[in-house]
Amino acid sequence: MPHETASVAAVKRVAYSRDWAAWALGAGVVLMTAVFLVYPLGNAMLLAFVKNGEAPSWTSMTLANFARFFTAASYQRALWNSVYSGLAATLLATAIALPMAYAVARIEMPYRGLISAMTVVPLISPPFIGAYAWIILLGKNGTITQWIHGLTGWTLPTIYGPPGVVLALALSYFPYVFLIVQGALAAADPHIEEAARMAGASRARILRTVTAPLVFPAIAAAMLIVFIKAIGDFGVPSILGGEFQVLPTLIYYQIHGYFNLNASSAIAMVNVLLTLVAMLALAWINRHWNFVTVGGTSRAAARHASRGARAFGNLYCWLVIFVAILPQLVIALASFAGRWPGTMLPEAYTLDHYRSVWSQLTNPIVNSLILSGVATAVCIVFGTVTAYASARDRLRARWALDLTIMLPFVLPGLVVGVAYLTAFNSGPLVLTGTAIILVLAYFTRRVAFVFRSVAAAIAQIDPKLEDASTICGAGWGATMRRVMVPLAAPAILAGAILVFSTLIGEISATVLLYSAKWKTISIAIYELVLGDQLAQASAIGTITTVMTLLLVLLASRLAGKNMAELFR
Amino acid sequence: MAHAALSVRNLTKQFAVGQSMVAAVDDVSFDVRGGEFFTMLGPSGCGKTTTLRVIAGLEQATSGSIDVDGRDFMTVPPQRRNIGMVFQSYALFPHLTIFENVAYGLRLRALPADEIRRRVAATLSLLQLEPYASRHPAALSGGQQQRVSIARALVYEPTMLLLDEPLANLDAKLRVMMREEIRSLQRRLGITTLYVTHDQEEATAVSDRLAVFDRGRLIQLGAPEDIYARPQTLFVADFIGRANFLPVRLSIAGSPASGVTLRNGATLRPGREVRLEGAEAATLASADDAMLMIRPEHLALDAAEGTIACRVLRIQLLGGLIRYTVQTDASPADILVEVTRTLRGIDEGGGAFLRIPPADAVLYHR
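Residue numbers (this note's numbering), protein chains in the order written: chain A, 1 to 568; chain B, 1001 to 1366.
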């Protein structure tokens, strides 16, 4: 047999393991990651260490921008205010959400699913839309302010400043605590609590000594997420803050007031530092406090069924939900209000505001749709390819890929805006003022939605399906087209809809990157609010909220989950 | 072209484990004749599945060669090797109907639609799957899914059929039934078949030839009855069928032909002797230590007399067999005796005598 000529030593390296299609796609992804993810963030980091007006180089590095945190009172106040409002909002959000999570998970109540679904509404409405609802309610001429004054003669303290900011933030982000803690309670093995009951422990004691420690890691994780979101929020403090500056508004000031990219980069770094500390704490909790009590039974834990418990549960949950969606209801009401001089309900109703929106403000709506649409398309392609790479290939640098995608997602939008502004304001690629920079910033901030959704779906798909397809005669491209994409399609679509719907109301990055030609819905609302044209702002705001809600509903249907699960 | 002949030479596949390299497949060589049912058998982690996947092209070898009908297979991408493969988890496409699942390979070959319809119908009928053509995999039972998997692999008339533990997920009765179906199908089509399993009963029941693997190496190759009767190592003797091992001493050191002395003092002259090598040889302490192997069905029990006195620990009824587990001072482990009829006068807890026919005993020595 002619085997003497057969290769005995190293097998010839045959480049058939992945077709050219995969190589091209991979190269494109790496290029995009380098230019539009790594470069802006890296560049911003560099600029933070250089004085304004000087060219970045090794010799011009200085800590002068950071030194302002020790010398300038405004900087110190902003830092302290960020931490303070973040902590306060977190505590308030947790206090609101915990009893609700316990009620939904452990008390026999009707419409539990509906309650969970409705908690998603504050999450998907842009927070700043709710912020000015509070102005309508609790401002100087606000409805509630006037009502209480008429009733008791008291004048409520002003809504502007820390109380308003903390309240609005807490009501926007408490659903995260609710969803995560309720999920942990629902997943916990009921046998542990049952064992405690059989040993003679009272309900209260069980709650204190068994249930609470088990879900504490989930509570801690949820609190950290709320903190990260709160310190990165721009919309709420800019509308309700007044003199109360926080780091994101300080960044905005530095850019709009002085166009000092270096100073704003430095402030952004400090903001990122806070975020990173919180993220590290989150990662530590996930690693060391994983009390996964997955029991073999699918039976849920016992629920309180006493009339008192049920009364409390229903009352509390529906009250919280009412307060949480009150801003959206108020905005909707205001959009139809002809005259609303501070009475409980408007005195006259009209469609004028919608008519003026239709005639004057179609441009921002169309812009938002175009920009969000294109960004979503980029997210789909990029997110799906990287999700496949992350879920399938045994890359050693996978952690780097995951980090690159998740980092812009958790960073404050302002920071991403600053990074893009500094990176593409000068140098080889100038994109400021164009639509492209907005699309790319949007893509950076939201691709994680598609990435996470698709990676999870691909991880569920048996890798042998790809082997089977290959053996039957399919190259890599054909296998992707005929097997992987159809199977991951619901996840891709769900991720895409989440991206699109949350981009429509995006403000944090937009506010730094938009140009006169490319105003979006959020900028239009922002300008209307600042110009005190609240009725028209309400009209657009309502349209946005309703559109977003419908899209998220669609996404949850496609993904086969209920709305609450999409955000966990 | 279903009679492809396979030739594997010095196949090695190494993985990096921490700082070192581990050989999952270590210098394996064998030939498979055209139309043969060839099984790779061994415990988990022995390298049989890795070898199969390298032949399929789903993994790349570190070194060695694979030739099919004289052509170098290694340079051919897996999607162009024209082989069929059946997976343990069936790997059916959940979003396609049974018809589309089976048609998959034909659609990739860009055949005309009525040709595809004809061939899929023929293959479905071959595996009694016509009533399920428009259903989706989730609606079928495990056995039915397995048959779809086979149909998908065979529809484009591959040169070889590879099966990776196809029956492991089925219940016991179904497993026996399916292996007979696979065997008769293979005989009918005459397709060269490579089969991987850890179940030695399954392997011996269906294979033309068997390759026993252990820790990456091919230990013994041959027809099932040959391997059963003449196992070349202690591992193979223990893995195929059941084996009793009695530690013995050579009557004259270094001379296996002189016979052996058991621990209870009895002597006998075993019918066959096998020379051990390597790690197994090292388990024997000195030059005159050896191991006697005898199959349970070759042993006999007598109430009154025999080679070794023993105590009966258990009597088990196993379908058509009765298994006696006895304890002796000739061996540290319990000894199994299998007979087809209950023995009179021998009860659980009682004493008896073991009779060892010397001709059926195999001596393993250094």
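Derived by calculation from the structure, the hints in this document are not laboratory data. Remember, it's a predicted structure, so these values are computed and weren't measured experimentally. There may be inaccurate statements among the hints.
[Claimed, not checked] Computed footprint of chain B on chain A; a stretch qualifies when at least three of its residues, placed anywhere within it, have a C-beta under 8 Å from a C-beta of chain B:
no., stretch
1, 456-469
2, 478-490
[Unchecked claim] Chain B is nowhere near these chain A residues, computed Cβ spacing over 10 Å in every case:
no., residue
3, Lys51
4, Val83
5, Ile206
6, Thr362
7, Ile365
8, Ile380
9, Phe409
10, Cys472
11, Ala474
12, Gly475
Beta carbons: idealized from backbone N, C-alpha and C, even for Gly.
Now the hints, each set against the structure:
Residues of the stretch 456-469 of chain A lying with their CB closer than 8 Å to a CB of chain B number 6, which satisfies the three-residue condition for coverage. With 5 residues bearing a CB less than 8 Å from a CB of chain B, the stretch 478-490 of chain A meets the requirement of three and the coverage assertion stands. No beta-carbon of chain B comes within 10 Å of the beta-carbon of Lys51 of chain A; the shortest separation is about 48 Å. Consistency note on Val83 of chain A: stated as away from chain B, and its beta-carbon is indeed over 10 Å from all of that chain's, at 44 Å minimum.
In this structure Ile206 of chain A is separated from chain B by more than 10 Å, as the shortest Cβ-Cβ distance comes to about 41 Å. Listed as outside the interface, Thr362 of chain A is consistent with that label: its C-beta sits roughly 40 Å from the nearest C-beta of chain B, beyond the 10 Å cut-off. No Cβ of chain B approaches the Cβ of Ile365 of chain A within 10 Å, the least distance being about 37 Å, so the stated non-interface status holds. Remark: the non-interface label on Ile380 of chain A is consistent with the geometry, its nearest Cβ contact in chain B lying 19 Å away (cut-off 10 Å).
Every CB of chain B lies more than 10 Å from the CB of Phe409 of chain A, the least distance being 30 Å, so the non-interface label holds. Cys472 of chain A, annotated as away from the interface, has a beta carbon of chain B within 10 Å; the closest lies near 4 Å. Against the 10 Å criterion, Ala474 of chain A falls within the reach of chain B, whose nearest CB is about 5 Å from its own CB. Distance to chain B contradicts Gly475 of chain A as a non-interface residue, since its nearest Cβ pair spans about 6 Å, not more than 10 Å.
The structure fails hints 10, 11, 12 (numbered hints given earlier, in ascending order).
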